[in-house]
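Residue numbers (numbering that gives the first Met the number 0), protein chains in the order written: chain A, 0 to 459; chain B, 0 to 325.
Please note that the accuracy of each hint is not assured.
When the alpha-carbon atoms are kept at most 35 Å apart in a straight line, the in silico DSBU-like pairs for lysine-lysine are as follows [to be verified]:
| id | chain 1 | residue 1 | chain 2 | residue 2 |
| --- | --- | --- | --- | --- |
| 1 | B | Lys291 | B | Lys121 |
| 2 | A | Lys382 | B | Lys2 |
| 3 | A | Lys197 | B | Lys102 |
| 4 | B | Lys102 | A | Lys382 |
| 5 | A | Lys382 | A | Lys454 |
| 6 | A | Lys458 | A | Lys308 |
| 7 | A | Lys197 | B | Lys1 |
| 8 | B | Lys2 | A | Lys197 |
Source of the hints: derived by calculation from the structure; they are not laboratory data.
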Amino acid sequence: MRDAPRQITLEEWDARYAELSAAGMQEPAYGGPLRRHVGEGDLRLLKLRYDNSAAALRLWNFLLTEEDRLHQARAEGGKIVGAMKDLGTVPVLAYSLPGVTAFYPDGAWWIPCIMEDSTGLLPIADSLGIDESFCPVRAMLGAFVTGGHFPRPDLLTCSVGATCDDFSAIAQRLDGMGYPILWWEIPSRRHPDPDEPKVRLPGGFLAPETQVGFVRAELERLRKALEELAGRRLTDDALSAGIRAANRVRRSLSQLRRLTYAAEICPLPALEMLVAEMLAIHFCSDRAEARVVLDQLLREVRERVQARKGLLPKAAARVFWVNPVADLRVMTLLEECGGRICGTDYLFCHALDRIPENLPPMEALARMALADPMVGPAADRAKRICRDILAFHAEALVISRIPGASHCAMEGEVIRDWVRSKVGLPVIEIEVPPLSDSYHSTLRTRLEALVEAVKERRKP
Amino acid sequence: MKKLVYSCPFVPAEWIAAHGLRPSRILPGPADISAFAGASAGVCPYAAAFLHALCRDDTADAAVLTTVCDQMRRGFEQAQRDSHRPVFLLNVPSTWQTATAQKIYMSEIERLGRFMVRLGGKEPSAGELAGIMREYDARRSGLRHARGRVAPRRFSEAIAHFHREGTVDPASFEGTYMPRGIPVALVGGPLMSHHFSIFDVIERGGGTVVLDATESGERAMPLPMDRRSTRGDPFMTLADSYFGKIPDAFRRPNSRLYQWLERETAQRGVRGIILRYYTWCDKWHAELQRMKEWSQVPVLGVSAGAEEAMDGHTISRIESFLEMLK
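Produce the complete structure using the sequences and hints provided.
Shown next as structure tokens:
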């Protein structure tokens with residue numbers, strides 16, 4: 000069914016759902032009207048605006064039923080791996096083994112937003128000494144304590160070393176509470192010395208060969224732990240197949256990003272794109288379905304672009320966005336202010352890059368893990384941002400600080416300076432808490448000013 | 000002799016000295032960190048003060064920062080940009096139980112060596128390194144011997160002096176000291192050079208610090224080195240003395256910190272723990288509640304900034320805590 004693309008409220012989705020169903024929309028088992036999630040406590044949905052396509056409906060339903068999938072996997076005797084602070088590495092290993100499902104416990108940071116603080120996860124974190132001076136990912140502690148959001152994993156892994164202190168400290172608190180963690184080291188990526196053997200990583204960064212070797216050795220430890228969990232060997236062949244499957248998801252996502260962010264008229268809202276990008280990290284606990292969801296979105300976007308149809312005014316300011324927002328509502332706020340997303344760095348660009356298929360699989364994964372923009376210098380991250388800004392013709396940059404996150408205290412200035420000096424764009428830095436309603440007037444003012452600056456710069 | 004400054008206890012002073020440079024582990028002084036170029040909400044005051052000191056210290060020829068905390072890791076980029084002297088980032092792994100972690104640390108120490116050679120230092124022989132290790136070990140042993148014989152503040156200042164200058168002044172240990180007061184442990188990250196007044200506050204409140212478990216205190220001193228292994232493979236012994244032995248909150252897991260504290264607090268009859276953390280220091284802040292749950296004795300958490308004088312509220316909290324222990 001092809002209708003004009005529109006952003007609609009949850010209320011409007013009720014009628015839209017009936018309309019699509021009557022027209023013969025085919026849905027997966029996890030499908031259904033979006034409103035039912037509100038009944039399950041996802042109150043924030045009432046305040047968001049959604050794309051009106053069946054593809055977007057499937058995306059939302061896929062996202063909001065992840066907990067059900069995890070419980071089902073457990074009920075069916077599968078093994079569950081919680082891959083913490085790991086943006087796209089351990090899940091590739093885990094999904095290469097049959098009967099193993101990996102998920103991202105850090106994703107609990109969105110629960111206080113989605114459920115509008117109704118679950119008490121943050122007060123639980125407070126009671127454990129992890130107060131609001133820490134990143135909102137502290138909600139994860141509460142989720143572990145209540146056990147009400149995901150099953151207790153059979154194996155918990157966490158990357159440490161060149162990671163943010165908040166998460167490392169919160170994970171250590173979890174470990175101290177009796178949730179044993181398999182820690183693995185991701186070293187701080189550095190530029191190779193002039194006479195040092197070096198390797199080009201996916202995404203373009205260079206790293207010393209020795210550092211890749213260290214990461215590979217750490218991944219071998221993870222492989223062993225996963226084999227023990229699954230009770231079978233994880234061969235290189237199986238892992239290569241897992242990498243190819245992950246790359247299929249990444250390829251779909253890459254096409255989706257390229258089409259959406261480069262399009263003359265915005266074909267898909269910022270919110271749906273944010274959710275779609277998140278699928279790259281751990282496939283929302285179902286790798287095969289993640290690809291189906293993305294491909295359906297891709298078809299929708301392709302058709303819209305070909306038909307020159309979109310959601311926002313053609314003149315919308317093209318904004319590059321850095322860091323994910325704790326409150327999803329802010330992505331829509333940008334659009335209400337006259338902007339649209341044209342490029343992102345949500346902390347996991349390396350999970351969007353193709354994993355090399357022409358290398359031994361552990362070497363390929365090690366290179367990918369070390370390409371994480373957060374483990375290297377902020378200037379490297381800024382360079383990649385500049386490159387993508389030029390590719391997507393972005394006209395402004397928003398750096399969205401995550402409250403309390405250790406990396407946000409210093410990296411913002413580095414990124415801002417790089418972008419200003421290399422591509423000369425206007426930049427603003429904002430901070431977005433899990434529920435930002437009381438800050439909306441301030442955020443709106445700042446975003447509107449940015450959009451105004453962009454439009455001013457367009458004048459001949 | 001060129002001076003190499005740093006702040007992290009995982010940088011081995013002996014390795015720097017063996018390359019013919021002067022190691023100086025500094026504690027930053029009072030600084031207007033709002034003037035620091037990178038200062039914004041969320042910046043740890045210690046990290047900011049250290050970077051501030053680095054950019055203004057004209058006596059240093061080069062500096063080493065490490066990855067033990069995220070802000071120092073990121074501060075390296077600021078230092079590269081704002082300081083006119085060479086800066087080196089030493090990657091200290093958070094994990095410690097694996098061969099990979101040990102290899103990373105050792106390869107980083109070797110890389111630091113090459114950095115120092117480029118600065119004009121010379122690569123030491125095993126014998127030269129072993130000799131310097133023995134010298135440092137003897138000085139640390141002299142320092143340890145003074146514990147309990149001098150006032151706690153003087154003891155901790157002597158440790159800081161040793162780290163900064165590499166020397167121990169026996170004259171500073173002369174006189175008699177009679178320990179009195181409720182024995183407490185001071186735990187946490189490093190003090191700044193103007194923060195030693197906390198020892199006086201504790202004494203005035205009726206306590207005495209019998210265990211300085213801050214990063215600038217005895218917790219972060221390497222244990223006495225084995226003379227036989229120093230003769231065999233001094234580099235391995237050095238790496239193990241630092242990376243393998245110093246307990247810290249940043250390590251994953253950090254169980255050794257608690258094992259060390261359990262042993263030391265019991266041996267010294269500690270009746271209360273004061274955990275001091277800098278605002279925005281997640282690594283130590285997160286340990287506060289855990290330490291309260293773990294400890295057999297009461298624990299008080301106090302936060303600190305870069306200010307020159309301790310604020311009245313913190314002083315009152317420490318006094319009340321000690322009063323409760325009486």
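Verification of the hints:
1. A hinted pair counts as satisfied when its Cα atoms are at most 35 Å apart, and lysine 291 of chain B with lysine 121 of chain B does not qualify at roughly 48 Å.
2. Straight-line distance between C-alpha atoms of lysine 382 of chain A and lysine 2 of chain B comes to about 33 Å, which keeps the hinted pair within the 35 Å bound.
3. With a CA separation close to 18 Å, the supplied pair lysine 197 of chain A and lysine 102 of chain B stays within the 35 Å bound.
4. With a C-alpha separation of about 30 Å, the suggested pair lysine 102 of chain B and lysine 382 of chain A falls inside the 35 Å cut-off, and the hint holds.
5. For the hint linking lysine 382 of chain A to lysine 454 of chain A, the alpha-carbon distance of about 25 Å falls within 35 Å, and the restraint holds.
6. The suggested pairing of lysine 458 of chain A with lysine 308 of chain A holds, with an alpha-carbon distance near 25 Å, which does not exceed 35 Å.
7. Annotation: proposed proximity of lysine 197 of chain A to lysine 1 of chain B holds, straight-line Cα distance about 31 Å (limit 35 Å).
8. Note on lysine 2 of chain B and lysine 197 of chain A: the hinted pairing holds, with a Cα-Cα distance of about 31 Å set against a maximum of 35 Å.
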